[in-house]
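Novice: Same order as they appear, the protein sequences are chains D and F.
Okay, so the first sequence: first residue is 1 according to the working numbering, each after it adds one.
Okay, so the second sequence: first residue is 1 according to the working numbering, each after it adds one.
Think of the hints as simulated: they come from the structure by calculation, not from any bench.
C-beta atoms are modelled at their ideal positions from N, C-alpha and C, and glycine is treated no differently.
Some hints could be false.
[Unchecked claim] Covered stretches of chain D, as calculated for chain F (at least 3 residues, CB under 8 Å):
| no. | stretch |
| --- | --- |
| 1 | 79-86 |
| 2 | 104-111 |
[Stated by the list, open to error] Within a straight-line C-alpha distance of at most 30 Å, the following computed BS3-like cross-link-like pairs (lysine-lysine) qualify:
| no. | chain 1 | residue 1 | chain 2 | residue 2 |
| --- | --- | --- | --- | --- |
| 3 | F | K221 | D | K95 |
| 4 | F | K219 | D | K133 |
| 5 | D | K108 | F | K135 |
| 6 | D | K29 | D | K15 |
| 7 | D | K118 | F | K56 |
| 8 | D | K83 | D | K108 |
| 9 | D | K108 | F | K222 |
| 10 | D | K108 | F | K221 |
| 11 | D | K95 | F | K135 |
| 12 | F | K86 | D | K95 |
| 13 | F | K56 | D | K12 |
| 14 | F | K56 | D | K19 |
| 15 | F | K221 | D | K12 |
| 16 | D | K133 | F | K221 |
| 17 | D | K118 | F | K221 |
| 18 | D | K300 | D | K320 |
| 19 | F | K56 | D | K14 |
| 20 | F | K221 | D | K123 |
| 21 | D | K275 | D | K218 |
| 22 | D | K123 | D | K95 |
| 23 | F | K222 | D | K123 |
| 24 | F | K222 | D | K95 |
| 25 | D | K83 | D | K185 |
| 26 | D | K83 | F | K135 |
| 27 | F | K135 | D | K15 |
| 28 | D | K14 | D | K83 |
| 29 | D | K123 | F | K135 |
| 30 | D | K133 | F | K135 |
| 31 | F | K135 | D | K118 |
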Amino acid sequence: MIQLQNISKEYKSKKGVVKAVDGINLSVKRGQIHGVIGYSGAGKSTLIRCVNLLERPTAGRVLIDNVDITTLPLHELRQTRQKIGMIFQHFNLLKTATVYNNIAVPLKLLGYNDAEVKSRVAKYAEIVGLTEKLDSYPNQLSGGQKQRVAIARALAQEPEILLSDEATSALDPETTEAILALLLKINRELGITILLITHEMNVIQKICDEVSVLESGKVVEFGTAIELFAKPQHPTTRKFLNTISQRNLSPSLIEQLNVSGSVIRLTFLGESTGKPLLAEVSKIYDVQPNILTANIIELKNGIVGNIVVHLHGESQLVQKALTYFTENGVAVEELGGASNE
Amino acid sequence: MNNIQSFFTDWSDVIIKAIIETFQMVGISLFFSILIGIPLGLLIVLTRPGQSFENKFLYQFFNLLINIVRSVPFIILLFFILPFTKLIVGTTIGVKGVIVPLVVYTAPYIARLMESALLEVDPGVVEAYTAMGIKRRQIIWHVLLREARPSIILGLTIATIGLIGATAMAGMVGAGGLGDLAYRYGHLRYEVDVMYATVFILIILVQSIQSIGNRFAAKLKKD
Chain D
1 MIQLQNISKE YKSKKGVVKA VDGINLSVKR GQIHGVIGYS GAGKSTLIRC VNLLERPTAG
61 RVLIDNVDIT TLPLHELRQT RQKIGMIFQH FNLLKTATVY NNIAVPLKLL GYNDAEVKSR
121 VAKYAEIVGL TEKLDSYPNQ LSGGQKQRVA IARALAQEPE ILLSDEATSA LDPETTEAIL
181 ALLLKINREL GITILLITHE MNVIQKICDE VSVLESGKVV EFGTAIELFA KPQHPTTRKF
241 LNTISQRNLS PSLIEQLNVS GSVIRLTFLG ESTGKPLLAE VSKIYDVQPN ILTANIIELK
301 NGIVGNIVVH LHGESQLVQK ALTYFTENGV AVEELGGASN E
Chain F
1 MNNIQSFFTD WSDVIIKAII ETFQMVGISL FFSILIGIPL GLLIVLTRPG QSFENKFLYQ
61 FFNLLINIVR SVPFIILLFF ILPFTKLIVG TTIGVKGVIV PLVVYTAPYI ARLMESALLE
121 VDPGVVEAYT AMGIKRRQII WHVLLREARP SIILGLTIAT IGLIGATAMA GMVGAGGLGD
181 LAYRYGHLRY EVDVMYATVF ILIILVQSIQ SIGNRFAAKL KKD
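The following block holds chain D by itself, in its conformation from the complex (with noise of 0.2 Å):
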């Protein structure tokens, strides 16, 4: 559905050239909901305009249904974008009109009949839950509010691809929650793929089915979700993932703990999480857990349940309980010095 191949954006600045992007590829399959998290500064948003042009790319091809939009002419280009709805961190509403107004707007600006722009909005000021409000204006509207105003008027389009920008970045914990639902209900019900970008790890835990992690503007890891969550690669990727969970511990706890025995990581995934290991573990090998933290994270498409663990015990035993946990479908990550040997 989209493609960048090699996406690059340089920048002339008073210092020299700034590589804002630096030669990105990235797909996202139709139907699926793609998340690019990183840091302010990482790229993220001059990457998200690149694909509806909004920025053109120094270099690179961008592949919208496999036609390269980077060479359309303006008018084919202006179509292709009506493909693509977008909303923003700002909202970027009229001050001057009402939430009708909003949305019936772009429609009629782009040829609708009456009939239709009235049919259309009243469609989806109901979809996203605004029927009520349709006469007010945004500065009487929430932040929230606001941004479902920005997603029914790009919805209005019936766009194929919804590009989000830091949309929830400006929003409040519970009203976050809010359009993530919604937006996740967007992309089950009407099909649309959606790319988004943040900063937010919470945002990549509860709707993406993708994820890239980006720094200095390149693409440091990337894959599902859950291999992210379960399997952090990149140092980046495990600080985001600190964010939402804690997971490391102090390397001087660490090593104070090895001493007997040792400290272990231990990540569940799917099936594994139902299952009591530690006590059988404990049963079997006589080794005593104690759990240091845990934490369970739910994702769209799973779950990931994380226990780091002390094991006290004969490092022998250790070691056999350590295979039984892998045996069992555990990944296992020993922190620190690992064995006392």
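Assemble the complex: chain D is given as a structure, and chain F must be docked to it using the hints.
Specialist: Relative to the frame of chain D, chain F by itself:
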């Protein structure tokens, strides 16, 4: 009481004539100034670096031109462009003769006011409309100008009041008007009452224009 009555019988004709002249001058020059000023303001916003019709040369040229014209005080501009006035309307005196300098004076002012009004519009909204595949021409009309309306109206209110001030100097080319009346009768002939009456009328006029402008702008603003 008698005083007031006799003042009116003596002066009402002259004052009414002056009011009509002022209205004529302000009305006609405002019309042409808007006709030139709004597109000019739009032009220097759209050709500005980073905008949709970026054009360094046009932007610099008009920017400079506006600054040059705005540097000249009206009283000097009035005489400075006499040949130009003659060329355009065929005369340099009377209401007709003063319209050209008034427009030359006010249009760049309106352009500057338009510029600041248009720059206030959130570029994010323009971006949103671009992303929806809407034509630039439509965006200018339905987003930029629409969102700037309250500021445009306030700007035009300021320009109109400035214009009324400028018409006071119209007497120099025999165009009459309230300012001229106050100057000739009030100052030169020591008819202080006429001066007071004129100033009073001008205050009422400016107050009403400002109030109407404010009310319109507030009505359009919605926040």
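Novice: Decide, hint by hint, whether the structure agrees.
Specialist: Against the structure, the hints:
no. : hint            : in the structure
1   : 79-86           : holds (count 7)
2   : 104-111         : holds (count 4)
3   : F:K221 x D:K95  : holds (8 Å)
4   : F:K219 x D:K133 : holds (20 Å)
5   : D:K108 x F:K135 : holds (12 Å)
6   : D:K29 x D:K15   : violated (38 Å)
7   : D:K118 x F:K56  : violated (43 Å)
8   : D:K83 x D:K108  : holds (16 Å)
9   : D:K108 x F:K222 : holds (22 Å)
10  : D:K108 x F:K221 : holds (22 Å)
11  : D:K95 x F:K135  : holds (20 Å)
12  : F:K86 x D:K95   : violated (46 Å)
13  : F:K56 x D:K12   : holds (17 Å)
14  : F:K56 x D:K19   : holds (25 Å)
15  : F:K221 x D:K12  : violated (38 Å)
16  : D:K133 x F:K221 : holds (18 Å)
17  : D:K118 x F:K221 : holds (25 Å)
18  : D:K300 x D:K320 : violated (34 Å)
19  : F:K56 x D:K14   : holds (19 Å)
20  : F:K221 x D:K123 : holds (28 Å)
21  : D:K275 x D:K218 : violated (39 Å)
22  : D:K123 x D:K95  : holds (22 Å)
23  : F:K222 x D:K123 : holds (26 Å)
24  : F:K222 x D:K95  : holds (7 Å)
25  : D:K83 x D:K185  : holds (19 Å)
26  : D:K83 x F:K135  : holds (15 Å)
27  : F:K135 x D:K15  : violated (35 Å)
28  : D:K14 x D:K83   : violated (37 Å)
29  : D:K123 x F:K135 : holds (25 Å)
30  : D:K133 x F:K135 : holds (28 Å)
31  : F:K135 x D:K118 : holds (22 Å)
The structure does not agree with the numbered hints 6, 7, 12, 15, 18, 21, 27 and 28 stated previously, though it agrees with the rest.
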